[in-house]
Amino acid sequence: QSALTQPASVSGSPGQSITIFCTGTSSDVGNYDLVSWYQQHPGKAPKLIIYEVNKRPSGVSDHFSGSKSGNTASLTISGLQPEDEADYYCCSFADSDTFVFGTGAKVTVL
Amino acid sequence: EVQLVESGGGLVQPGGSLRLSCAASGFTFPRFWMTWVRQAPGKGLEWVANIKQDGSAEYYVDSVKGRFTISRDNAKASMYLQMTSLRVDDTAVYYCARSKVTGNSDFGYWGQGTLVTVSS
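Protein chains in written order, with the working numbering: chain A, 1 to 110; chain B, 1 to 120.
These are calculated hints, taken from the structure and not from any lab test. What you are looking at is a predicted structure, and each value in this text was computed from that prediction instead of being measured. You may find that some hints are simply not true.
[To be verified] Computed cross-link-like contacts, DSSO-like style, restricted to lysine-lysine with a CA-CA straight-line distance of at most 27 Å:
1) A:K106 / B:K43
2) B:K65 / A:K68
3) B:K100 / A:K106
[Claimed, not checked] Short, incomplete list of chain A residues facing chain B, as computed with Cβ under 7 Å:
4) Q1
5) F21
6) L34
7) S36
8) A45
9) P46
10) L48
11) Y51
12) Y89
13) D97
14) T98
15) F101
16) T103
17) G104
Quick reminder that beta carbons are idealized off the backbone N, C-alpha and C, glycines included.
Sequences and hints are given; from them, build the entire structure.
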């Protein structure tokens, strides 16, 4: 049950695209198409923005997209906006019917 | 509208116990997996435990096995987390969460969280 690995910080200018990688193992990300991503603003509860690797809940902007290759999942934010500045966490279903979150990535809009 | 409201947090001494509650409304509670996720101050999210729709299965992160017990009362649309042998590193905001769909795949809805502080 080790946390998935994410970069501590990612930054970009408004309008740019950034990608956050989330690296796991064959016991979690690599074995299940049940990767989800969460956005968390300071002092707020997390918000689901991607589920089942690449699906967006209704009401979530289409400038968020997800994908997966092997043991690594990724979240791309296209056309970075000031309101995208937040912490982002990946999460994967894992063996033994558990879940594991990523270490979290702080996105800064320059 | 889906609503999840946690309660029961507070200050407790190491070795003590606390029971958290999550009151759900706005959806058919018995149809969904329910989960507890915690976040230590200034740290990342950690999945703690979840429970199947009918309460027949429950799963825990290794660090709380044998100390925490998750349960639910479908008639009251409520979920609980009984925490015993609390340690300083259990200090965190505890969130109640519901899966987006009826499967056990993600956390589509969250409560506002309740703070548990373990300190002498």
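Hint check:
{"no.": "1", "hint": "A:K106 / B:K43", "verdict": "holds (12 Å)"}
{"no.": "2", "hint": "B:K65 / A:K68", "verdict": "violated (31 Å)"}
{"no.": "3", "hint": "B:K100 / A:K106", "verdict": "holds (24 Å)"}
{"no.": "4", "hint": "Q1", "verdict": "holds (5 Å)"}
{"no.": "5", "hint": "F21", "verdict": "violated (16 Å)"}
{"no.": "6", "hint": "L34", "verdict": "holds (5 Å)"}
{"no.": "7", "hint": "S36", "verdict": "holds (4 Å)"}
{"no.": "8", "hint": "A45", "verdict": "holds (4 Å)"}
{"no.": "9", "hint": "P46", "verdict": "holds (6 Å)"}
{"no.": "10", "hint": "L48", "verdict": "holds (5 Å)"}
{"no.": "11", "hint": "Y51", "verdict": "holds (4 Å)"}
{"no.": "12", "hint": "Y89", "verdict": "holds (5 Å)"}
{"no.": "13", "hint": "D97", "verdict": "holds (5 Å)"}
{"no.": "14", "hint": "T98", "verdict": "holds (5 Å)"}
{"no.": "15", "hint": "F101", "verdict": "holds (4 Å)"}
{"no.": "16", "hint": "T103", "verdict": "holds (6 Å)"}
{"no.": "17", "hint": "G104", "verdict": "holds (4 Å)"}
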